[in-house]
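K.L.:
Each residue of the sequence shown is one higher than the last, beginning at 589 in this note's numbering.
Just so you know, the hints here were simulated from the structure itself, not pulled from any lab data.
For each residue, glycine too, the CB sits at the ideal point set by N, CA and C.
Do not take every clue at face value.
[Said to hold, decoys possible] Heads up, simulated BS3-like pairs for lysine-lysine below, C-alpha to C-alpha not over 27 Å straight-line:
1. 815 x 859
2. 814 x 709
3. 859 x 817
4. 630 x 814
5. 642 x 859
6. 709 x 670
7. 817 x 630
8. 642 x 630
9. 815 x 642
10. 630 x 670
11. 642 x 817
12. 642 x 670
13. 817 x 670
14. 814 x 859
15. 630 x 815
16. 670 x 814
[Unchecked claim] The following label-pair restraints were derived from C-beta to C-beta distances:
17. 827 x 634: 28 to 38 Å
18. 732 x 702: 23 to 33 Å
19. 620 x 798: 46 to 56 Å
20. 846 x 636: 39 to 49 Å
21. 816 x 739: 17 to 27 Å
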Amino acid sequence: MPLILFAFVVRLRDGLPLSASTDFEHFRELQERKQQLRTISKTLARFPERGTVKGQELNIFFISSEGVSYMTVCHCSLPVAKAFCFLEDLRWEFTTCFNSTAVSLADRPYPFLEFDSTIQKLKQQYNQSGGPALEVTLAEVQGDLIIHPPQEINLEEVDLTNGTANGHMEQGPASGQNVRLEPVTAPGILSLVLNIVCASLNIIRGVHLIEYTFQCHLYLFHSSLKKHKSFALLSVIVLCNLYLLGLRNPWQLLFHLSVACISTLLILRRKLIDRSNDCGV
Numbered sequence: 589m590p591l592i593l594f595a596f597v598v599r600l601r602d603g604l605p606l607s608a609s610t611d612f613e614h615f616r617e618l619q620e621r622k623q624q625l626r627t628i629s630k631t632l633a634r635f636p637e638r639g640t641v642k643g644q645e646l647n648i649f650f651i652s653s654e655g656v657s658y659m660t661v662c663h664c665s666l667p668v669a670k671a672f673c674f675l676e677d678l679r680w681e682f683t684t685c686f687n688s689t690a691v692s693l694a695d696r697p698y699p700f701l702e703f704d705s706t707i708q709k710l711k712q713q714y715n716q717s718g719g720p721a722l723e724v725t726l727a728e729v730q731g732d733l734i735i736h737p738p739q740e741i742n743l744e745e746v747d748l749t750n751g752t753a754n755g756h757m758e759q760g761p762a763s764g765q766n767v768r769l770e771p772v773t774a775p776g777i778l779s780l781v782l783n784i785v786c787a788s789l790n791i792i793r794g795v796h797l798i799e800y801t802f803q804c805h806l807y808l809f810h811s812s813l814k815k816h817k818s819f820a821l822l823s824v825i826v827l828c829n830l831y832l833l834g835l836r837n838p839w840q841l842l843f844h845l846s847v848a849c850i851s852t853l854l855i856l857r858r859k860l861i862d863r864s865n866d867c868g869v
């Protein structure tokens, strides 16, 4: 398997795809990483110039410069310095071919499709020789990474806009993306019903009513920092039920806590899916 599998060039301000490498590898994790590339590309403007997303076998690396972001999917065995060296070479090649005016005036996806041949040559150079021709370039990148390490991105914390009750996400202008949450499952429906029951039983206690209502909201809608919010809400529910220890019997407490725990698990397991067309060309 080649070490560098995919490269993607996008406009920084709106994530418009400018060019991409041709696919020669087709397997599940690569397709997942490419979907993540599209998700990240819409929010690159709020991240530092360099970043990484760790995967099981494949990692994502990106750099941003002069209104353009250069992204790549690499095998985890590829050293980080070589991955960023590849991106720096990709940046240099792109800026040699296209100026900032051409980038800013682009109004359709992949306007620089002819740049694909340059990407393919650069990928081949790295995959066959294992790195750039000039070792001094690699040494410079290694030194710079020590001083300015790339930010590791957690996709759960990428701030996307909440969607409709079915989990649809709001689309940005000219994004070409249709992102949504996974479909509601039967256990999810049961969890919603049980949360409504718990909320009804706590209708005279405003705080407890809000707790279970918010659990329904977290399950139905995407939210930034979802994991943190879910655990924080679960902790509040546990503490509030312990406060009612003398007013409820053990079975009532067990019911409310079980519903809260099951709901939290289902909230964390409901992931984002990307229904846009594959960005490979």
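K.L.:
Does each hint hold? Answer for all of them.
P.N.:
Each hint tested on the structure:
1. Annotation: proposed proximity of residue 815 to residue 859 holds, straight-line Cα distance about 11 Å (limit 27 Å).
2. Restraint check for residue 814 and residue 709: the C-alpha separation of about 41 Å exceeds 27 Å, so the hint is violated.
3. Distance hint between residue 859 and residue 817 is fulfilled; the C-alpha atoms sit about 15 Å from each other, no more than 27 Å.
4. Of the pairs offered as hints, the one joining residue 630 and residue 814 holds, with about 19 Å between alpha carbons and a cut-off of 27 Å not exceeded.
5. Taken as a hint, the residue 642 and residue 859 pair is honoured in the structure, with Cα atoms around 17 Å apart against an allowance of 27 Å.
6. Between residue 709 and residue 670, the direct Cα distance comes to roughly 16 Å. Compliance with the 27 Å bound is thereby established for this hinted pair.
7. Taking the CA atoms of residue 817 and residue 630, the gap is about 23 Å. The hint holds against a cut of 27 Å.
8. Of the pairs offered as hints, the one joining residue 642 and residue 630 holds, with about 18 Å between alpha carbons and a cut-off of 27 Å not exceeded.
9. For a cut-off of 27 Å, the pair hint linking residue 815 to residue 642 stands: about 18 Å separates their Cα positions.
10. Taken as a hint, the residue 630 and residue 670 pair is honoured in the structure, with Cα atoms around 25 Å apart against an allowance of 27 Å.
11. Proposed proximity of residue 642 and residue 817 is supported: the alpha carbons are some 23 Å apart, at most 27 Å.
12. At roughly 16 Å between alpha-carbon atoms, residue 642 and residue 670 fall within 27 Å of each other, so this suggested pair holds.
13. At roughly 37 Å between alpha-carbon atoms, residue 817 and residue 670 are farther apart than 27 Å, so this suggested pair is violated.
14. Taking the CA atoms of residue 814 and residue 859, the gap is near 10 Å; set against the 27 Å cutoff, the hint holds.
15. For the proposed pair residue 630 and residue 815, the alpha carbon gap of about 21 Å is at most 27 Å, so the pair holds.
16. The straight-line distance between the Cα atoms of residue 670 and residue 814 is roughly 34 Å, outside the 27 Å bound, and the hint therefore fails.
17. The hint said 28 to 38 Å for the Cβ distance between residue 827 and residue 634, and at roughly 34 Å that hint holds.
18. For residue 732 and residue 702, the hinted distance range of 23 to 33 Å is satisfied, since their beta carbons lie about 31 Å from each other.
19. At about 36 Å, the CB distance of residue 620 to residue 798 disagrees with the hint of 46 to 56 Å.
20. At about 42 Å, the CB distance of residue 846 to residue 636 agrees with the hint of 39 to 49 Å.
21. The beta-carbon spacing between residue 816 and residue 739, approximately 18 Å, falls within the hinted interval of 17 to 27 Å.
Violated hints for the displayed structure, listed by number in ascending order: 2, 13, 16 and 19.
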